[in-house]
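Chain E is fixed; fit chain G onto it per the hints.
First to last, the protein sequences are chains E and G. Residue numbering for the first sequence follows the numbering used here, starting at 1 and increasing by one per position. Residue numbering for the second sequence follows the numbering used here, starting at 1 and increasing by one per position.
These are computed hints drawn from the structure, not numbers from a lab. You may find that some hints are simply not true.
Chain E is faced by these chain G residues, among others (derived, beta-carbon under 7 angstroms) [as the list claims (entries may be wrong)]:
1) Val-35
2) Pro-39
3) Tyr-61
4) Ala-109
5) Gly-112
6) Ser-135
7) Ile-138
8) Phe-225
9) Val-230
10) Val-264
Estimated spans, in silico, between C-beta atoms of each pair [what the hints assert, rightly or not]:
11) G:Arg-25 with E:Ala-265: 49 to 59 angstroms
12) G:Val-35 with E:Thr-250: 42 to 52 angstroms
13) G:Leu-183 with E:Ser-198: 40 to 50 angstroms
No residue lacks a Cβ here, since even glycine has one placed at the ideal position from N, Cα and C.
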Amino acid sequence: MAPSATATPRSGFLARRQRSYRLFIVPALVVIGAVIIFPWMFTVWMSMFDWKIGSVAHFVGAENYVRLVGNQRFHEAVVHTIYFTALAVVAPLVLGTIAALIFHREFPFRGLLRSIFTLPMMATPVAIALVWTMMFHPQQGVLNYLLSLVGLPPSLWVYSPTLVIPSLVLVEVWHWTPLVMLIVLGGLAALPVEPYESARLDGASEWQLFRYITLPLVAPFLFVAAVIRTIDAIKAFDTIFVITQGGPGTASETINLYLYLQAFAFYNVGNASAVVVVFFLIILALALLLLHVRKRTQWT
Amino acid sequence: MDVTGAVAAPPPPQARRGRWRRRLRKTGFAFSVAVIVSPAILVFLWMLSLALKNESDNSAYPPVFIPSPPTWSNFIQVFTENSMGLYFWNSIVVSGSATLIALLVGIPAGYGIARAQAHRLTVLILIARMTPALSYLIPLFTVFQFLGLNNTLTALAITHLVITVPIVVYVMAGHFETLPRELEEAALIDGGSVWTSFRHVALPLARPGIVVGTILAFIFSWNNFVFSAVLAGRTTRTLPAAVYNVLTFEQLAWGPLAAAAIIVTLPVLLLTVLIQKEIVTGLTAGGVKGA
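In isolation and in its complexed conformation, chain E is listed as follows:
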């Protein structure tokens, strides 16, 4: 991430200065310790208790974890999370790459159109989710009207147990394709020209140029986008909560939604904490993967 420390001779003076630089970090460490590290440790501790808010906590050791292994609803939540994440990673990745290829070219109003295209990325998720809720409405929603315009039958969207996850992914795609586009666009900007010239002389087609030159060269960027997208999709909450609250039934209940209900609908703190720990380990694995990739691609 940074150029490694230049080989400076370590004198007492420099060591003292190094210490005073470290003092600058202390206030932030105190805050991080209080609001981030303490909750982590408290969660692990709580996960070993049978504890509902308002009642006495009993130490149960690993029982919360053991129960999770046999918990049907948790299993389903894991499956929903994997399904949702897979779709919410692949679709924005494909569309984002296509969009990046388009925005990489020169055309009138490119800057303006790119700004418009990237607007969804920062929009407040709850506000966007509410608008999509209205758009998904089976009777009065604008989406079914648009379907009828092109002669397609109306859809139940988020009211159908089989369509709910793809529909939610649609919102996710709308929200996060711009981020993938921006990352890939950064990769395209760094492409060398020479390979294209020589490949053209050899009579390569546009598709071959893309498949054998562009794609391998932007692959590291695509990979970074994929990892970031995975981490975000796995923790998706606002959109799902606002639009379906995990429904219909439990058809769109992901790990995060299950976690929320355990903690703040049933106040089952012990069980919820065990879910957090498992969830955290999954994400930590992904985080290490991301760091590994960052190191290898030298990309910041």
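Here is chain G on its own, set in the frame of chain E:
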């Protein structure tokens, strides 16, 4: 699609056919631009349309697209009947103070990390930003319950530090690393302390980084929903939770709901326009949203 961005020159003998093909290509390209940009713009326009129409137009089928005449009544209603003003103020207080505290501790920390090469800390920050927000919420909720702080803006602002501190530290560390050390060295050789070289040399130079860090921290905090949904009471909700709670439960009218959604997200969109380029850096720093 032309992947490389270069347009091949057509051979002269078939100039007319070449021109036709070029025109066709151009139209095709314009069409693909329209396809890729339109979802973004259409959802926002639809949001605006819902907010500016009266209720009978909003429930009409087929849908009415252009409000005629446009009405401000939905906006007036959410401010007068749903105390939007109060929630807006709550959001400003919570996100404002969480951002301010994050700047106070985060700017020096970023500087310290960059100069002491303490990169293990950036790893910690990255992991923190990847952890789902709910994993902080359960312990903090329990502690606030114990301290009697639930339903207060203070508790909310403290919780929002989970979002703002990592992003400010991360952005500032990255920014200070790009600043040349020579000027600070000069100040140190002239007998200044590490603090004076930070305060009078590095800090003024770091202004662009501070602006980016401030805006990103404020946006992420502003957009956060789940902290307020769990920790806030009726009068201490921030905007996203208020829009979700108050409006969806007390009324099912689409116009006011869309108006409220616009009020929540418009400030963010305006801030986004200010720091477009830098946003990618902030977003790719690991986790994106709070949840």
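(Q) Taking the earlier hints as the rules, which of them does this structure contradict? (A) 1 and 12
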